[in-house]
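Protein chains in written order, with numbering that gives the first Met the number 0: chain S, 0 to 260; chain V, 0 to 260; chain Y, 0 to 260; chain R, 0 to 260.
Treat the hints loosely; a few may be bogus.
Same chains, same label: a pair holds when it works inside one copy or across any pair of copies.
Unchecked claim - Distance condition first, Cα-Cα at most 20 Å in a straight line; then the derived EDC-like pairs of lysine to aspartate or glutamate:
| id | residue 1 | residue 2 |
| --- | --- | --- |
| 1 | 17 | 52 |
| 2 | 25 | 79 |
| 3 | 210 | 143 |
| 4 | 184 | 87 |
| 5 | 184 | 148 |
| 6 | 184 | 256 |
| 7 | 210 | 83 |
| 8 | 250 | 148 |
| 9 | 25 | 62 |
| 10 | 15 | 257 |
| 11 | 228 | 33 |
These are calculated hints, taken from the structure and not from any lab test.
Protein chains: 4
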Amino acid sequence: MTVRVVVWGENVHEQKNKVVAGIYPKTMHGTIAETLNAAGGVSATTATLQEPEHGLTAERLAETDVLIWWGHAAHGDVSDAVTERVAEAVWSGMGIIFLHSAHFSKPFKRLMGTPCNLSWREAGERERLWVTSRNHPIAAGLPDHFELENEEMYGEPFGVPEPLETVFISWFQGGEVFRSGLTYKRGAGNVFYFRPGHETYPTYHDANVQKVIHNAVLWANNAQPRIAKVTEAPNAPVETALEPITERGPKLHEAGEEGYR
Amino acid sequence: MTVRVVVWGENVHEQKNKVVAGIYPKTMHGTIAETLNAAGGVSATTATLQEPEHGLTAERLAETDVLIWWGHAAHGDVSDAVTERVAEAVWSGMGIIFLHSAHFSKPFKRLMGTPCNLSWREAGERERLWVTSRNHPIAAGLPDHFELENEEMYGEPFGVPEPLETVFISWFQGGEVFRSGLTYKRGAGNVFYFRPGHETYPTYHDANVQKVIHNAVLWANNAQPRIAKVTEAPNAPVETALEPITERGPKLHEAGEEGYR
Amino acid sequence: MTVRVVVWGENVHEQKNKVVAGIYPKTMHGTIAETLNAAGGVSATTATLQEPEHGLTAERLAETDVLIWWGHAAHGDVSDAVTERVAEAVWSGMGIIFLHSAHFSKPFKRLMGTPCNLSWREAGERERLWVTSRNHPIAAGLPDHFELENEEMYGEPFGVPEPLETVFISWFQGGEVFRSGLTYKRGAGNVFYFRPGHETYPTYHDANVQKVIHNAVLWANNAQPRIAKVTEAPNAPVETALEPITERGPKLHEAGEEGYR
Amino acid sequence: MTVRVVVWGENVHEQKNKVVAGIYPKTMHGTIAETLNAAGGVSATTATLQEPEHGLTAERLAETDVLIWWGHAAHGDVSDAVTERVAEAVWSGMGIIFLHSAHFSKPFKRLMGTPCNLSWREAGERERLWVTSRNHPIAAGLPDHFELENEEMYGEPFGVPEPLETVFISWFQGGEVFRSGLTYKRGAGNVFYFRPGHETYPTYHDANVQKVIHNAVLWANNAQPRIAKVTEAPNAPVETALEPITERGPKLHEAGEEGYR
Numbered sequence: 000m001t002v003r004v005v006v007w008g009e010n011v012h013e014q015k016n017k018v019v020a021g022i023y024p025k026t027m028h029g030t031i032a033e034t035l036n037a038a039g040g041v042s043a044t045t046a047t048l049q050e051p052e053h054g055l056t057a058e059r060l061a062e063t064d065v066l067i068w069w070g071h072a073a074h075g076d077v078s079d080a081v082t083e084r085v086a087e088a089v090w091s092g093m094g095i096i097f098l099h100s101a102h103f104s105k106p107f108k109r110l111m112g113t114p115c116n117l118s119w120r121e122a123g124e125r126e127r128l129w130v131t132s133r134n135h136p137i138a139a140g141l142p143d144h145f146e147l148e149n150e151e152m153y154g155e156p157f158g159v160p161e162p163l164e165t166v167f168i169s170w171f172q173g174g175e176v177f178r179s180g181l182t183y184k185r186g187a188g189n190v191f192y193f194r195p196g197h198e199t200y201p202t203y204h205d206a207n208v209q210k211v212i213h214n215a216v217l218w219a220n221n222a223q224p225r226i227a228k229v230t231e232a233p234n235a236p237v238e239t240a241l242e243p244i245t246e247r248g249p250k251l252h253e254a255g256e257e258g259y260r
Numbered sequence: 000m001t002v003r004v005v006v007w008g009e010n011v012h013e014q015k016n017k018v019v020a021g022i023y024p025k026t027m028h029g030t031i032a033e034t035l036n037a038a039g040g041v042s043a044t045t046a047t048l049q050e051p052e053h054g055l056t057a058e059r060l061a062e063t064d065v066l067i068w069w070g071h072a073a074h075g076d077v078s079d080a081v082t083e084r085v086a087e088a089v090w091s092g093m094g095i096i097f098l099h100s101a102h103f104s105k106p107f108k109r110l111m112g113t114p115c116n117l118s119w120r121e122a123g124e125r126e127r128l129w130v131t132s133r134n135h136p137i138a139a140g141l142p143d144h145f146e147l148e149n150e151e152m153y154g155e156p157f158g159v160p161e162p163l164e165t166v167f168i169s170w171f172q173g174g175e176v177f178r179s180g181l182t183y184k185r186g187a188g189n190v191f192y193f194r195p196g197h198e199t200y201p202t203y204h205d206a207n208v209q210k211v212i213h214n215a216v217l218w219a220n221n222a223q224p225r226i227a228k229v230t231e232a233p234n235a236p237v238e239t240a241l242e243p244i245t246e247r248g249p250k251l252h253e254a255g256e257e258g259y260r
Numbered sequence: 000m001t002v003r004v005v006v007w008g009e010n011v012h013e014q015k016n017k018v019v020a021g022i023y024p025k026t027m028h029g030t031i032a033e034t035l036n037a038a039g040g041v042s043a044t045t046a047t048l049q050e051p052e053h054g055l056t057a058e059r060l061a062e063t064d065v066l067i068w069w070g071h072a073a074h075g076d077v078s079d080a081v082t083e084r085v086a087e088a089v090w091s092g093m094g095i096i097f098l099h100s101a102h103f104s105k106p107f108k109r110l111m112g113t114p115c116n117l118s119w120r121e122a123g124e125r126e127r128l129w130v131t132s133r134n135h136p137i138a139a140g141l142p143d144h145f146e147l148e149n150e151e152m153y154g155e156p157f158g159v160p161e162p163l164e165t166v167f168i169s170w171f172q173g174g175e176v177f178r179s180g181l182t183y184k185r186g187a188g189n190v191f192y193f194r195p196g197h198e199t200y201p202t203y204h205d206a207n208v209q210k211v212i213h214n215a216v217l218w219a220n221n222a223q224p225r226i227a228k229v230t231e232a233p234n235a236p237v238e239t240a241l242e243p244i245t246e247r248g249p250k251l252h253e254a255g256e257e258g259y260r
Numbered sequence: 000m001t002v003r004v005v006v007w008g009e010n011v012h013e014q015k016n017k018v019v020a021g022i023y024p025k026t027m028h029g030t031i032a033e034t035l036n037a038a039g040g041v042s043a044t045t046a047t048l049q050e051p052e053h054g055l056t057a058e059r060l061a062e063t064d065v066l067i068w069w070g071h072a073a074h075g076d077v078s079d080a081v082t083e084r085v086a087e088a089v090w091s092g093m094g095i096i097f098l099h100s101a102h103f104s105k106p107f108k109r110l111m112g113t114p115c116n117l118s119w120r121e122a123g124e125r126e127r128l129w130v131t132s133r134n135h136p137i138a139a140g141l142p143d144h145f146e147l148e149n150e151e152m153y154g155e156p157f158g159v160p161e162p163l164e165t166v167f168i169s170w171f172q173g174g175e176v177f178r179s180g181l182t183y184k185r186g187a188g189n190v191f192y193f194r195p196g197h198e199t200y201p202t203y204h205d206a207n208v209q210k211v212i213h214n215a216v217l218w219a220n221n222a223q224p225r226i227a228k229v230t231e232a233p234n235a236p237v238e239t240a241l242e243p244i245t246e247r248g249p250k251l252h253e254a255g256e257e258g259y260r
């Protein structure tokens, strides 16, 4: 079963910034999709901010097993409607992976319920990622640590809820640490945040980073059919209660009425 | 140190529905505040939907240690601005307790990042709450289980993230179960969801329910000063890095520039 | 990749008790292994208390992807050496599933670090299991609830640590509730506790129960190679530190010395 | 209500090693107890390995709200009986704080159910602890990071279960990271692991470290009465079931019989 992946890219700095365009002549999302397809077991395509509905129509999300999100300069341009649609797809079972500056993207903040802030420094310093959960599927085939010689620093405290599992923690040359790989579940959807990937460095050309993203796609994929009507709050009528009961006391609702929302 | 509590009530059915007005002649929020004040260690006041800014101005939230939220018929009438203000107060350290139908309130959904849905039945059936975390501060002084002879049923699956701790699970006469007491943390704020409290039954006159709410207030209170600028993402300049580093590689940002949001 | 499963059975009541022998003429472990093999993707064999080293030699565990454990009357007869060997296999990546009365087995208590106690009643009452984590891989293909007409009751509080995820909660006819499906991780090993399976009832002939166990085997399997020397605490010499450092201050340990344990 | 603390010290290197004796002329446990008493709200005494029953009789544990544990060279000399007694006290509500090399102590391994291993280097390098959970009670009054100029390095992966909360993460000069402050709950007992404290450095004279330990004592204290018979698995007789049920089907147990353990 091939995992159907959409790599969503903001696609701004690749078009406007010569440094970024030079490092990623095929764009960042294009590069990530290409390496995923090369890694196998995955069929990855791309979508961008500039497309109608940002390339994320209801039809497309229904056929997406795992969505990867990279954004930075244009978080505010993502529509609230698409944000909510993405969140609903996650709740109903779509996996999602947020990369680097996507910590401030609308879908990530929507799913976390927290500020998602951090401290940062753009100095091209050394980052070293340590695996904190040995043999976690997302760390499969990796050494116990690996380095990125030039990266932007992200520092704690990271304004997110306590994760399900902490998979990576980063050491930075300038003295900070950061929880770089965190798993969450929101509804039936698996969520992974992965820190590296500042656009002025060749991070997504790094073999270890590529392996993490490929592993995370396989981990995030939920093979089961998507949950229908995932936000519904169904009434369970007295007449069909699993154990026989008799209605008692005063009521607000008429039979068959929907609940308040 | 007295814990400053605001009990927020939607205040709709107390005014419009004779049954509810009969059970709660002092309103639901008024009743809860009164019993908290009688229990000691707490200074509880009330706020309602109908007041300007729903009674929750920035000034008032700054002086609130723990906010209690009950709403049902008018979730949609709560303004997005007040919802966001409440969320920020929680992140910065205010405790919050959501009661019963507040599972569908805007602040709860905002903080959870999930649908927060469930199944339900209004039949006045018996509910029995079991303590699943022995000696949890929220269960202090309670027996290992207690009953509410007439309650609305809420059934699993409950559309919330995996909690920090499950404190209560309910058994329902009609055959369902529900995780009735769940703790979360969002930023520096302690969050507790407590299931019982349908407005057509005298639940908030029950001594065990009152004890849970009083315990939860003491548990949710964070004695430390509120965090300022809780959503800020500060830049850490190269010049003042904790370990001496030299800037390397290309950059997006000018010195002193704010990050993208 | 076929998942290699060993179903461990205490094998006491099947030999001594006519009722149990009548329900499980092929033994409980034999029945579970047979249904797993029939479900596909799995190669299941059995091991019992009475075999040398309880059938769980180091060699056998090394070739076991997932171990299933059922015990009840003879927990105390399991050797401490085998218990520790099983725990080490789990830490290094073997999955493990504990069924019913195995809540009091030595390996479960060893891995949990808690009393693992509960309340109980043997009255053949109705149990209804509710799925609390929609589309969890362990609940794949199940309805949102299912019933076992005759089961032993287990009641909360269940003396275990807060789980990674709660997958099932049981409703009992006599008024109790129980967290019936709980996931944990211990080292690289996935752990699942599943409540049903009292030996005087035909629980392991139930299609839904069989599906849960099969799903749990697939979920617990960790495809990666087992971690070698999983309890080792390696010294990281100054000479090969990842960042150049100079040794400073007084020392307890000579170079190359092992740490205290 | 004064919190009654016992600081347990192995008391070996203070007696045998001149460096350690020079830094801690009042012993390590004596120093920690002294600073706790000076901080207020606490009544701290000490106990050591060499005393009968290691100074931890059942009577003494019954009167201890929070136990602090430091050991290193003589983990193996701690009796299994005292280890189990400590674990039971924790389950029944006693708080416990494990310091530094106590990661390999018998009580910590007993409560975690995992190897509790790590990598290490004794080179007097710089450690910087970052607060990852803002305004956590254990971090009250601390800056967002603090440094220890000379410490032993502990590196990930740390062989412990996923914690309830991660409060501190350490950066090390030599390039490693470590989850330095972790909370757990075992039964009714709050558990905190805090990394710093190698005996050849003056760590427990550091004001920030002292503040963390004092905060952790207040956090770990559970004001409720200790749970009696915390490992018991009571039978719930059919006759007194909360909902009327009739016994059905075959049975293993006679009425009033104890369950198997």
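Each hint, compared with the structure:
no., hint, result
1, 17 <-> 52, "neither (27 Å within a copy, 48 Å between copies)"
2, 25 <-> 79, "neither (28 Å within a copy, 40 Å between copies)"
3, 210 <-> 143, "within (14 Å within a copy, 33 Å between copies)"
4, 184 <-> 87, "within (13 Å within a copy, 23 Å between copies)"
5, 184 <-> 148, "neither (32 Å within a copy, 33 Å between copies)"
6, 184 <-> 256, "neither (32 Å within a copy, 34 Å between copies)"
7, 210 <-> 83, "neither (30 Å within a copy, 34 Å between copies)"
8, 250 <-> 148, "between (66 Å within a copy, 15 Å between copies)"
9, 25 <-> 62, "neither (24 Å within a copy, 45 Å between copies)"
10, 15 <-> 257, "between (51 Å within a copy, 19 Å between copies)"
11, 228 <-> 33, "neither (34 Å within a copy, 37 Å between copies)"
Hint check: violations occur at hints 1, 2, 5, 6, 7, 9 and 11; the rest are consistent with the structure.
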